[in-house]
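Going down the list, the protein sequences come from chains A and B. Using full-length UniProt numbering, read the first sequence as starting at 1 and increasing by one per residue. Using full-length UniProt numbering, read the second sequence as starting at 1 and increasing by one per residue.
FYI, nobody ran anything at the bench for these hints, they're computed from the structure. Please note that the accuracy of each hint is not assured.
27 Å max Cα-Cα, derived DSSO-like pairs, lysine-lysine [unchecked claim]: (1) B:269 - A:302; (2) B:207 - A:394; (3) A:433 - A:184; (4) B:207 - A:239; (5) B:67 - A:311; (6) A:384 - A:447; (7) B:67 - A:236; (8) B:207 - A:246; (9) B:14 - A:302; (10) A:792 - A:658; (11) A:234 - B:67; (12) B:269 - B:67.
Keep in mind that this is a model prediction, so the values were computed, not measured.
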Amino acid sequence: AAAHGGTDSLPPPPPPEPASPVQTPGSPLPCDTEGLCPDDFPLFPGMSNNESAPDTDFLLTLCVYIFILFQRHSRCRNYKAELEACRFEVIPVEFGDFHPLKLITVTDSKTKKVGRKGSTSSTSSSSSSSMLDPLSSLLDGSDPLSLFAATADPLTIACCQPSFKREREEETGVGSDFEPWCGKRGDILARYTTTEKLSIGSQKELLNLTQQDYINRIEEQNQSLKDAWATDQKVKALKIVIQCSKLLSDTSVIQFYPSKFVLITDILDTFGKDSYQHFICRNCFLVLQDNFSPDEVNETAKETCLNWFFKIASIRELISRFYVEVAILKCNKFLSKVGISETLPRLTSMIRGIGDPLVAVYARAYLFRVGMEVAPHLKDSLNKNFFDFLSTFKQIHGETVQNQLAVQRVEIPIYLTLYSPAIDWILQCIAYKAPEALLTEMMERCKKLGNNALLLNSVMSAFRAEFIATRSMDFIGMIKECEESGFPKHILFRSLGMNLALADPPENDRLQILNEAWKVITKLKNPQDYVNCAEVWIEYTCRHFTKRQVNTVLADVIKHLTPDRAFEDAYSQLQSIITKVLYNFHDFAVLFSMEKFLPFLDMFQKESVRVEVCKCIMDVFIRHQQELTRDPVILNALMHVCKTMHDSVNALTLEDEKRSLAVFISGFIRMVSFGRDFEQQLSFYVEARSTFCNLEPVLVQLIHSVNQLAMETRKVMKGKHSRKTAAFVRACAAYCFITIPSLANIFTRLNLYLHSGQVALANQCLSQADAFFKAAISLLPEVPRMINIDGKMRTSEGFLFEFLSNFFSTLLIVPDHPEQGVLYLVRGLLNVIQDYTWEDASDPKVRTYTNVLHLLAAVSQENYLYHVDKVDSNDNLYGSDPKFLAEINKLSDTLIGQILDHLKTLGKDENLRRQSALAMSLFNSILIHGDLRNNKLNQLAINLWNLAQKHGFADTKTMVRTLEHIKRQNKQPGMGHFAELALRLPLQSRT
Amino acid sequence: MVTALDLRLKRANKVYREGETLSGVVIISSKETVPHQGITLTMEGVVNLQLSAKSVGVFEAFYNSVKPISLISSNIEVAKAGKLPNGRTEIPFEFPLTVKNNKVLYETYHGVFVNIQYTLRCDMRRPLLAKDLTKTCEFIVHSLPQKGKVSPSPVDFSISPESLQNVRERTSLPRFLIRGRLDSTNCVITQPLTGELVVEHSDVPVKSVELQLVRVETCGCAEGYARDATEIQNIQIADGNICQGLAIPIYMVFPRLFTCPTLETTNFKVEFEVNVVVVLQDDHLITENFPLKVSRV
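Just chain A, with the same shape it has in the complex (with noise of 0.2 Å):
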């Protein structure tokens, strides 16, 4: 590490630039000097001690002799010089120059070769340039992937040609657009419950299962049909399915009938992949393309399908046979080209015979299910189903049907609801890529159908947005036609909605939608409904309107749910409808702006859901507000928000939820800004420390927002202060140094210190600098050794180390106080860490005093490295005394003697490793801070030297490297003691 010309560890960052302003002036800040004055140092022990060492190890006497003469050690720099020296050399590149990022050389001759590898064909490609992009050749087909496909290799045409085939049947088929089925299972299940008792199987057994059980029955038998094909018991497989599919004909519970119809058609589809598969497996050779012909077909396997052929169409109950059919449609391909078409047609007039019209519709879907994914190119087929559905629709209103409805007990409209899944599917499936033209005549045949509640809201569902949209008046119209006693007219209008927030009506209709819907919406009674239709009907209020429209919306909802706090039961879609008014509205002054806004927010009564509330209008709000804002409005809503926040915070709460609920107030801290106005800013962060105080993040942004201010009252003032920002910036530091003792973690009260007495040092406040760095020393010694990082304890001294290296770079230019003693702040610190129980008299205290010394150099020097601007430090004031040298001269060979001791326990401890270690370490310290012309130092150096090597524990490379930059310094003007040097220090060979 010693190598490169000056490895100077000594410069820490300069002190940061932030901004600034103000406070009642005068009141000197509260801090007490106890202990620091340089009279009370003890110093350190240990110095008077050398003649007494043990002699064990004579070089170590030798070094501590040496010191207690000396009168200057550190070397005189010229920092600007050695900046100059020691940058590397800038040459200007001119366009064309040879530069290694700009130019590759690709050889023509390898591409080509790579090219050809594998095809027989003889390509011509013999396109070269001088400058070749490696990128651009791969592009231009010349790469060995695109030339493999290019060739008129018949291998390649063969293997290539049946993907391309399916890509084309991939065109007539389901795309990624298609929301598959499995999309819908999750939500059917959700909704479709009942607390009735279940039966599986016949009447007599089981007739007591729990909705829950019931489920856990038929997950047994997906169960077993599984294992059943683990263990090649094809017949077994069958019979469950068989089963299972029989338990669709049974409408005993019909509002569970959906969520039976995706359990058991689970089972189906599982049982249909899994044959397929068998099939596929026992021809090896057809695993990979799907477009085998029948005649490719093993006999075996055909004879083994036919039989299934067979025993399914032998079935006896209708229903069973049907779902066992359409489960293994596929299968047909290996029998017949025409298979899977010639069974679609009878599959779909099968279901005729169906006579329970919600049984039927729903075994209509499942033919759709598995219509689309087998054979998606047969459309026609599959819109045949529909058109039969529409002929039997008159069913759903039959006698058989109310009969069934009475002994159950269950309203038409729920039973109603029963069949939209079913039918949105089947919609949804017609719709895929149908052309316009199709889609107005089916909503011409849904039209002629009397009570057309039910296919209108599936319709809505299933069609395009767009399509739904431009015909919004029409289907206003038909809505308002439908029968009370039917299908929910709440369902419809929130199916209208969901529409609407996709795609935009005409313009000129856009008002007159939103008037007539709002005049049905409002007057529906159950708040449960009216909240659902609201909930989708503010996305397109907010899309089209203004905040006027919203405003009248936000009041209507809060008029339907107050009542009997009807809100309590509808927390989930009132903060879906303030999410969409804030997805909309990023404005902050017209969304506070609306009247109703705040009052709507009050519906949240729930503390969870209200804070989860306000991280939403914080999360829009730190994302979406460009400038910084001072607006009475905003930052008043905003601070109730943000107290709201804040005070959800207990003992329970999780430190994730803190974090997060202290990044959004810290954020919105940030964003207010009052201009030129720095007392009334300052004032905000007063109030908002006594706002925010149990959230220890954001009382550190205030600290930092409060330092910002006052270095942005330094950059107004130029650096000037007036009597007025002078006070100010005083005030700053005063909040700075109340607030931070208030916070708990150690590290960020030691840096803040710190960083809070740089800015005041920046200010000119010296004694309020004084403080916080006299603040810092007398915190030192509460550092624990251990501390909890993410959960973990680890040790502290790596923090410790950083941090004093940090502090020590600072006072190097803090002045010294008139009235205490040279250097009494770093002698404060130096007492503080030799008193400090480091652990086992470990390394890092040592590295501590190695840094010191290294600021003791920087220190003595004529000019100092940096400066604050308009303050004096000890160099201009002392203008290097030889009284002020002569301290910093005492106080280093106190550090060395320091250093000294603690190699010799390590040489005593047999740690003879760090020994080593440390040893080098201080010799490139003298090395690069020491005047080495002084013969004692010199002499101490090469004491070192041996020192480190003498356990043969050096890095040989380190010590070569060093010693080889030890004679080029030497060519360096005034450094031609180096050479001597150089000779003086030998290099030990390891055998």
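Take the given structure of chain A and dock chain B to it, following the hints.
Chain B in isolation, oriented as in the chain A frame:
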């Protein structure tokens, strides 16, 4: 240790016709050498007739006439006494399926009172202390295609209370009208029975509509005969109160082995019928019967 004997036919579906050659392999696998005293193959085709319990009294006198009727029989020795090496030994064989003196190979049929079955049996006789090994497998015979075309014979039907026979109290019957059509009662065994059915109206809702496939087996000779009709399968084509005025499909696949082309010989007959059964919610059962002529083309 264990010697396994297996028979494997060349055709996976095991279906053969008269005049074709039945071929396959005998497979013997063993870890040791297998000493044996000859391996033989026997091919047989037999008609078994059985008398239904209710007919037994009448038929005691004609006991002889229900002896199995042999259709084909032959026997070959595939290996002379000796030793087979250890491992897997495959011995191929062939049987020509030909019959003499105007006999016909009837199609395989598994019924209740009539069974037409073809088997192939392999016997390995073994020296003392080792059991003889036997393996039997059934193969299926399809009769030769019928000469001449099967002309479709569609039947339209209409069922109403007036059209019914066997009614106890006509007055208690609800009003209904069911129309329908079978595309053909001359059926090809490999093709499904198709048609359609419409419930034009019904006072009592329909509970179920079923197709009942019935076999009619007749055993006997000049002295007398027994005729029994039994159900082969029952296929539901409508479940619940179906939409009135909307045609529902009639569709039934003829099950393999349990059906064969309609067969009429001097000793026995095998015929098929289908019943269209409509069950009403009040459990009224309305049946319409259609005799079928099944053939193979």
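Tested hints:
no.	hint	in the structure
1	B:269 - A:302	violated (33 Å)
2	B:207 - A:394	holds (18 Å)
3	A:433 - A:184	holds (19 Å)
4	B:207 - A:239	holds (25 Å)
5	B:67 - A:311	violated (33 Å)
6	A:384 - A:447	holds (18 Å)
7	B:67 - A:236	violated (38 Å)
8	B:207 - A:246	holds (16 Å)
9	B:14 - A:302	holds (13 Å)
10	A:792 - A:658	holds (19 Å)
11	A:234 - B:67	violated (39 Å)
12	B:269 - B:67	holds (16 Å)
In terms of the numbered hints stated before, the structure departs from hints 1, 5, 7, 11, listed from lowest to highest.
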